[in-house]
Amino acid sequence: NAGVTQTPKFRILKIGQSMTLQCTQDMNHNYMYWYRQDPGMGLKLIYYSVGAGITDKGEVPNGYNVSRSTTEDFPLRLELAAPSQTSVYFCALRGANTGELFFGEGSRLTVL
Amino acid sequence: RKEVEQDPGPFNVPEGATVAFNCTYSNSASQSFFWYRQDCRKEPKLLMSVYSSGNEDGRFTAQLNRASQYISLLIRDSKLSDSATYLCVVNSGYALNFGKGTSLLVTP
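Protein chains in written order, with our numbering: chain A, 71 to 182; chain B, 3 to 110.
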């Protein structure tokens, strides 16, 4: 996972709490993504960014916010946690030439 | 119709067997295609890209059929260590769309 760091790895939240999942890269790639993966399901795109200052919604953006003030950081914010947001969250960045996605190790979030 | 569809399996095969997975995609303008491997509770990792002419990497062969909008992955001489979920990934513009994955279990 060289280059993509996600924190925290695990977190338990109560309904209504807020938190930020951090994602940092040192590969200087422009394209970054946040996916969520529910048990037995594929990855669903929450938000993505094509560069600093530019973000856009993916398939399942409701309940989340992002920012991209620098190339390195792409945090994901949950404002009012709900049980439906219990999932594994993956941050990824995309190689400029190959299109390959490099993933962080994931953040496992439980909302009770 | 979902963007990317895969048979979820599971595929249970003995060591040494040959197994094939297919994946269909809905966007005819899709430009690039990949197979990712995901081990239990781990992040996905690139297995191989899929090129128009088909490509091979050791025991793994990937093929693309643009006319029928599907890609395939063939694994020869299966190893126990091949047990994982295989994700089909299709690039349509900025985003990469993932299938739900096909689960493979290779048994002794």
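Source of the hints: derived by calculation from the structure; they are not laboratory data.
Don't take every hint at face value.
[Unchecked claim] Ranges of calculated distance between the beta carbons of each label pair, as one might list FRET restraints:
(1) THR90(A) - THR109(B): 18 to 28 angstroms
(2) LEU150(A) - SER54(B): 40 to 50 angstroms
(3) THR90(A) - ALA31(B): 30 to 40 angstroms
(4) SER55(B) - LEU150(A): 46 to 56 angstroms
(5) THR77(A) - ASP41(B): 36 to 46 angstroms
(6) THR109(B) - PRO131(A): 34 to 44 angstroms
(7) VAL130(A) - ARG43(B): 35 to 45 angstroms
(8) ASN167(A) - PRO12(B): 32 to 42 angstroms
(9) ALA19(B) - LEU182(A): 36 to 46 angstroms
(10) ILE85(A) - LYS81(B): 43 to 53 angstroms
(11) GLY123(A) - PRO12(B): 41 to 51 angstroms
(12) ASN98(A) - ALA22(B): 33 to 43 angstroms
Since this is a predicted model, take the numbers as computed values, not measurements.
Note that the Cβ used here is the ideal one computed from N, Cα and C, for glycine as well.
Evaluation of the provided hints:
Under the hint 18 to 28 angstroms, the C-beta atoms of THR90(A) and THR109(B), about 43 angstroms apart, miss the expected range. Under the hint 40 to 50 angstroms, the C-beta atoms of LEU150(A) and SER54(B), about 46 angstroms apart, fit the expected range. The hinted window of 30 to 40 angstroms between THR90(A) and ALA31(B) holds, with their beta carbons roughly 35 angstroms apart. For SER55(B) and LEU150(A), the hinted distance range of 46 to 56 angstroms is satisfied, since their beta carbons lie about 50 angstroms from each other.
The hint said 36 to 46 angstroms for the Cβ distance between THR77(A) and ASP41(B), and at roughly 21 angstroms that hint is violated. In this structure the supplied range 34 to 44 angstroms holds for THR109(B) paired with PRO131(A), their Cβ-Cβ distance being about 41 angstroms. About 21 angstroms separates the C-beta atoms of VAL130(A) and ARG43(B), a value inconsistent with the hinted range of 35 to 45 angstroms. Taking 32 to 42 angstroms as the suggested C-beta distance range, the pair ASN167(A) and PRO12(B) conforms, at roughly 35 angstroms.
For the pair ALA19(B) and LEU182(A), the beta carbons lie near 43 angstroms from each other, so the given range of 36 to 46 angstroms is met. Checked against the hint of 43 to 53 angstroms, the pair ILE85(A) and LYS81(B) passes, with Cβ atoms roughly 44 angstroms apart. At roughly 44 angstroms, the beta carbons of GLY123(A) and PRO12(B) sit within the given window of 41 to 51 angstroms. In this structure, ASN98(A) and ALA22(B) meet the distance hint of 33 to 43 angstroms, their C-beta atoms being roughly 38 angstroms apart.
Hint violations for this structure: numbers 1, 5 and 7, all remaining hints satisfied.
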